[in-house]
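Peer 1: As they're listed, the protein sequences go chains A and B.
Following my numbering, the numbering of the first sequence begins with 1 at its first residue and continues without gaps.
Following my numbering, the numbering of the second sequence begins with 1 at its first residue and continues without gaps.
By construction, these hints were calculated from the structure, which means they are not laboratory data.
A portion of the hints provided could be inaccurate.
[As the list claims (entries may be wrong)] Cross-link-like lysine to aspartate or glutamate pairs, in silico, EDC-like; alpha carbons within 16 angstroms at most:
1) B:Lys21 - A:Glu352
2) B:Lys56 - A:Glu336
3) A:Lys192 - A:Asp269
4) B:Lys72 - B:Glu41
5) A:Lys347 - B:Asp14
6) B:Lys108 - A:Glu378
7) A:Lys524 - B:Glu89
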Amino acid sequence: MKTAVYTKLRKKIIGITLIVSFTPLIIVGATMYNKIKTIYNHKIEEQIKYRASAQAEAVDIFLKERAAILGAIADTHDFDDMLDEKNLLRIFNLMNQRAGAFVDLGVIDASGQQRAYIGPYDLKGKNYYKQPWCAEVMSKGIYISDVYMGYRKLPHFIIAVRGHENQKSWILRSTIDPDIFGAIVHSAQIGKTGDAYLLNKDGIYQTTPRFKGQILSEHNLDTSLFGSDATIIEQTDHQGHKFIYAGAWLKNKKWLLVISQGAFEEMTDLIATRNLEVIIIILGLIAIILTTVFTTRLAIVGLKEADQKMGELNAQLVQSDKLAALGKMAAGVAHEINNPLAVILQKTGWMEDLLNEEIFQKSEEFNEYKTSLKKIEEHVERARKVVHNMLGYARRMEPRLEDVDVNETINQTISLLENYARINNIEIKTRCYEGLPIIASDQSQLQQVFLNIISNAIDAIGKDGLVEIETTISDSMINVRITDNGPGISQEQQKKVFDPFFTTKQTDKGTGLGLWVTYSIIEKLGGSISLKSQVGSGTTFIVQIPNITPEKK
Amino acid sequence: MEYFSVLVVDDEEDFLETIVKRLNKRKISAIGVKSGEEALEVIKERLIDVVILDIKMPGGMDGIETLREIKKIQPICEVILLTGHGSMETSIEGMKLGAFDYLLKPVKLEELLPKLAGAFEKKDAQDQKIRGAQIKKLFRYS
Chain A
1 MKTAVYTKLR KKIIGITLIV SFTPLIIVGA TMYNKIKTIY NHKIEEQIKY
51 RASAQAEAVD IFLKERAAIL GAIADTHDFD DMLDEKNLLR IFNLMNQRAG
101 AFVDLGVIDA SGQQRAYIGP YDLKGKNYYK QPWCAEVMSK GIYISDVYMG
151 YRKLPHFIIA VRGHENQKSW ILRSTIDPDI FGAIVHSAQI GKTGDAYLLN
201 KDGIYQTTPR FKGQILSEHN LDTSLFGSDA TIIEQTDHQG HKFIYAGAWL
251 KNKKWLLVIS QGAFEEMTDL IATRNLEVII IILGLIAIIL TTVFTTRLAI
301 VGLKEADQKM GELNAQLVQS DKLAALGKMA AGVAHEINNP LAVILQKTGW
351 MEDLLNEEIF QKSEEFNEYK TSLKKIEEHV ERARKVVHNM LGYARRMEPR
401 LEDVDVNETI NQTISLLENY ARINNIEIKT RCYEGLPIIA SDQSQLQQVF
451 LNIISNAIDA IGKDGLVEIE TTISDSMINV RITDNGPGIS QEQQKKVFDP
501 FFTTKQTDKG TGLGLWVTYS IIEKLGGSIS LKSQVGSGTT FIVQIPNITP
551 EKK
Chain B
1 MEYFSVLVVD DEEDFLETIV KRLNKRKISA IGVKSGEEAL EVIKERLIDV
51 VILDIKMPGG MDGIETLREI KKIQPICEVI LLTGHGSMET SIEGMKLGAF
101 DYLLKPVKLE ELLPKLAGAF EKKDAQDQKI RGAQIKKLFR YS
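Chain A on its own, in the form it takes in the complex (with noise of 0.2 angstroms):
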């Protein structure tokens, strides 16, 4: 019954203190995550979004860098001059040489006919009239085509300004390698994922990707999603990869420049910082559930040790309780006796000394009157034997210090019981610890203690047995252990063997004072007394006496 109280109890102690330090651990553990994951997000996208608009700008100053070569050209040479292809060369070289990607320059009249040709294609003589740049340049001045593939069979874009000259028009047409114009907008990509390349308002890819289609072939993503600044878009594709684009349009608002790259790439960082949450929180609360269960442990050892002490001293605090009210109450009810014994005794005595007068000699009856006072004199005298061994004299008189040898003290003892013993076929046997000290004392009080219980001992055998005595000690106690095996005495005997009038022995046998007056002195000498024992096995007596070194004389 007590061990489920303690199980409770540790069950208690240990759910609360869990649940204590569980909740805020996670509670931390799970906010932290999270906020760090907001940060990071953002910050992702911040860059994406910062690398997108970068990369936006410098697409748009190469082209407006190109446009700028070729109006400037066209507004400082005559359309005559450059139909010289000695001369068109040489500017196409100087071109090169100064800015770079340009593949061929084309001087076109105002009849979209192209007049002079400087490139790898065949081109010249070429009838550009009908198409639909060729009205647009002569209207705004410049165009930058979408990527198309022209008579040359391959994708590319061209750069076309409108020269003045004498109320007449004439265009220098250039186109941009798109090998070149590709790989500035590659350098914006990174990690394994990440790929960046324009597209045109209807989602047509204007440079080769990275991944995933082929210039001029179309791009599943709305461009119309991309507002005016920088956008961020997350899309799943159809094997459940998410991704994240990044937009920015260009100056023109003909291209989109877009930044790609897979989520799960971007967050890799986050993850392995969230899993090394997870083992430590997962390590903490392994660390806590430990400690706790230890702890816990040790705490209910104690209790139970404390609460096993404290029983113990309660029982013995209640023993001595009990019997020192017995005690006071003894003397009370001696006095009470003794009197009217006295009285019975003079009583008798004077019927005695009246029936040696000689009138009553002669009585018939005389002998019948004195034997009948011979036995209420023996009758009072057995009632005031009992009422002294209850009063306990030797309990009475204060113990005398002397030295004392408890060794030698168990021997003399012994060999007083020895032929009582030895009539019962019993057999006394010691072990008594040689290295005892001499201890201040009282040896015939001691003695008694010994008898009592030796005596106790052999009565409670009967016959055919052993009594073993030992003696050790112990920090600041003599232990002397008397052990027989004999039938024991019952739990509920146990409580009673010290309480005064109690005896398992026949009423002209034993007054029941033995081990009351034996617990008395061994109270008074400082010392304690208590039994174990188990029925049918015998019992033991422990003794502990304590050891006071005797004063130097």
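Based on the hints, put chain B in the right spot on chain A.
Peer 2: Chain B alone, transformed into the frame defined by chain A:
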């Protein structure tokens, strides 16, 4: 046995009456009183050789107090203490105050008589010494 006078002090009337009768029957002159105060009155008026004194008496003076007063009035008067309570501490205190001996109630007259005789002998010896000293003193100054 010589004749000597005994005072018995006990609050138990039946005890008192009987023991006085029995002592008188043995040619010991005995008087019984029931309290310490009465005992002191008697001691002041008469020469008493031995007092038998119950230690515990209800009300008034108890045995130990009475003993102290007796020793003030008649220092060589011997006192035998009787106790029904069995309290050794009081008995020992009594002995320290000069009681001759103590006995536990109930006590047989046969046990009491030798003690009485012993007490009387001691008192008598003391008396003799005093008388001898007085005689010497008389001779010296004559």
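Peer 1: Against each hint, give a clear statement of whether it holds in the structure.
Peer 2: For each hint, the structure was consulted:
no., hint, in the structure
1, B:Lys21 - A:Glu352, "holds, 13 angstroms"
2, B:Lys56 - A:Glu336, "holds, 11 angstroms"
3, A:Lys192 - A:Asp269, "holds, 14 angstroms"
4, B:Lys72 - B:Glu41, "holds, 13 angstroms"
5, A:Lys347 - B:Asp14, "holds, 8 angstroms"
6, B:Lys108 - A:Glu378, "holds, 12 angstroms"
7, A:Lys524 - B:Glu89, "holds, 15 angstroms"
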